[in-house]
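*Asks:* Model the placement of chain B on the given structure of chain A, informed by the hints.
These protein sequence lines map, in sequence, to chains A and B.
So the first sequence is residues 284 to 617, counted in our numbering.
So the second sequence is residues 284 to 617, counted in our numbering.
Keep in mind the hints are simulated off the structure, nothing from the lab.
Some hints could be false.
Pairs count within a copy or across copies, as identical chains cannot be separated in the list.
Calculated pairs, BS3-like style, for lysine-lysine (alpha carbon to alpha carbon, straight line, at most 30 Å) [what the hints assert, rightly or not]:
| # | residue 1 | residue 2 |
| --- | --- | --- |
| 1 | Lys571 | Lys517 |
| 2 | Lys572 | Lys602 |
| 3 | Lys354 | Lys327 |
| 4 | Lys288 | Lys567 |
These figures come from a predicted structure and were not determined experimentally.
2 protein chains.
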Amino acid sequence: MKQMKKIINSPQDVVPEMVDGLVRSYPEYLERIPDTEAVVRSDKASMKGKVGIVSGGGSGHEPAHAGFVGKGMLSAAVCGQVFTSPTPDQIYKAIQAVDQGKGVFLVIKNYSGDVMNFEMAKDMADVDGIKVKSIIVDDDIAVENSLYTQGKRGVAGTVIMHKLVGAAADQGASLDELEELAKNALPHISTLAVALSAATVPEVGKPGFELADDEIEYGVGIHSEPGYRREKIKTSKKLVGELITKLDEQQHLDPEKQYAVLVNGMGATPLMEQYIFSHDVLDKLAEKKIKPAFMKVGNYMTSIDMAGISLTIFELTDKKWLEYLNYSVETVGW
Amino acid sequence: MKQMKKIINSPQDVVPEMVDGLVRSYPEYLERIPDTEAVVRSDKASMKGKVGIVSGGGSGHEPAHAGFVGKGMLSAAVCGQVFTSPTPDQIYKAIQAVDQGKGVFLVIKNYSGDVMNFEMAKDMADVDGIKVKSIIVDDDIAVENSLYTQGKRGVAGTVIMHKLVGAAADQGASLDELEELAKNALPHISTLAVALSAATVPEVGKPGFELADDEIEYGVGIHSEPGYRREKIKTSKKLVGELITKLDEQQHLDPEKQYAVLVNGMGATPLMEQYIFSHDVLDKLAEKKIKPAFMKVGNYMTSIDMAGISLTIFELTDKKWLEYLNYSVETVGW
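Only chain A is shown next, with the shape it has when bound in the complex:
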């Protein structure tokens, strides 16, 4: 077996050391909630009188989610073990840490473990009289049902959801208003990925799947879940063509409408390739007479050291959504 080559100390210590490294590198933004692997804003004043926003999930998707904690975005993020849901008690501690009497809104990716544990934390908060509502993000259009998931998976579109509810909460939206915003936006966020190689979970020590030297796979998930087709590697233009065709089937792209685009590197794919891919995305959209009203390119929802890219298209049916995307934030990762 090929030896795993990573800059770590021991596979068991990856998450606590990573969380520690993050909060100690950015004390002006982040601090750890005591006795947890959860991260909260250090600028507590920015949360005052506002609904708290909590997200999280398994680690391995950095900067998601802890890198999006800060004024204008998340209030706290809970970091589970690698590709493993955080426990309900940790999620509950994050809810407690951010509640300001206005309630707490949870952004959950649609994985069975996350859904179960976040729901349990919500029940614990209910008992304590903390009002909690939530959205389950399922933006990955690759497949219905998957390993670890009933329905569609939650992937890079989750970061868009963070941005929307984070901006709205900062502007004073109520818990009910945030729920409505999230529910309205969700069906308009669609993502699809292409993988060139799989992630290696440190405790496993080998890649989650194997692709031949000349092979790619469409629709792979962020925990190495299978996609919908393997084939020989193509040009960036052709990869983009495939992804946009599928996203178009879902979204019925329309030159009369406004769109936001997120091009997301999966961890090991350099910006060079991401910008080339973006160039082809913009060309392909231009063929459809669409010019995105908002665009972002970089590593936002990664899969450890997976090589690949995901493309998220978000139809801006409400003009406030564009304002939310452009709203100023103070985070490490956005």
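*Replies:* Here is chain B on its own, set in the frame of chain A:
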């Protein structure tokens, strides 16, 4: 030979398509200078009455340098072919595009090709009556002289230099003041890297060097230039120990002094590993009773898809330098 696996169209088109993808994705920050691969701020008003700051070099180091173009940082960046200096005429066009009558300051990495071509562009500007001064950054302490370099190489510390002179220029510093600032700061910026794998230049199609599955190399350059030692891969703590020992020999780390730290991923190394490495950097500095006054972790000066990390330590002998590092910017990459 193992097939190169990249999301590109053709190796020849990598740079123009990448530059196009970047500026079209971020039109609010960036635009292309006509007939060049150079990128300039779209917010021209932000340059008014100020000294222009121009940097650049071979491509393959994204987000450097074009990702640092924006208010408070660079005025323009010139993108050469991959790992190849931009031509003097392109650099000259960037100088012309940003000059506001106050002169233009060039930040050059110490590679023979860059130094020669930026100097030629400076001469062209002199003829035109545009005052130009420059700094040659040589922060990599790994080796004296190298492939492509007389003296030490310029690496991630260059981004620190962009930030310093960019902030000072935005605050109205004169060309002479910028030169003094850059000259004063330069000797206090030191960088050292460790590589786990080499970059693959698209037109070459194979990695710049080969490391065994269990091997790392200290002191590798950002164009796959040789480092100073190969050995079996170690824990993050031990890698950090080696780098900080060498940086300490150079800088004589002192608890009475203030420091800024930049942990820089080389392209394919995920944030997970970068945060763990940062955790160990902070521990090692804490042993020396040093707590950085400023820290940043992420991909800033990459080497295409190289796996590895560099560590930059910057001694803040002038308290203004910390203000400059914290000064607000509007860029894609900082």
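*Asks:* Now, for every hint given, state plainly whether the structure supports it.
*Replies:* How the hints compare with the structure:
1. Lys571 - Lys517: Result: close within a single copy only, 22 Å intra versus 51 Å inter.
2. Lys572 - Lys602: within (19 Å within a copy, 51 Å between copies)
3. Lys354 - Lys327: Both, since 9 Å and 29 Å are each at most 30 Å.
4. Lys288 - Lys567: The answer is between: 22 Å across copies meets 30 Å, while 37 Å in one copy does not.
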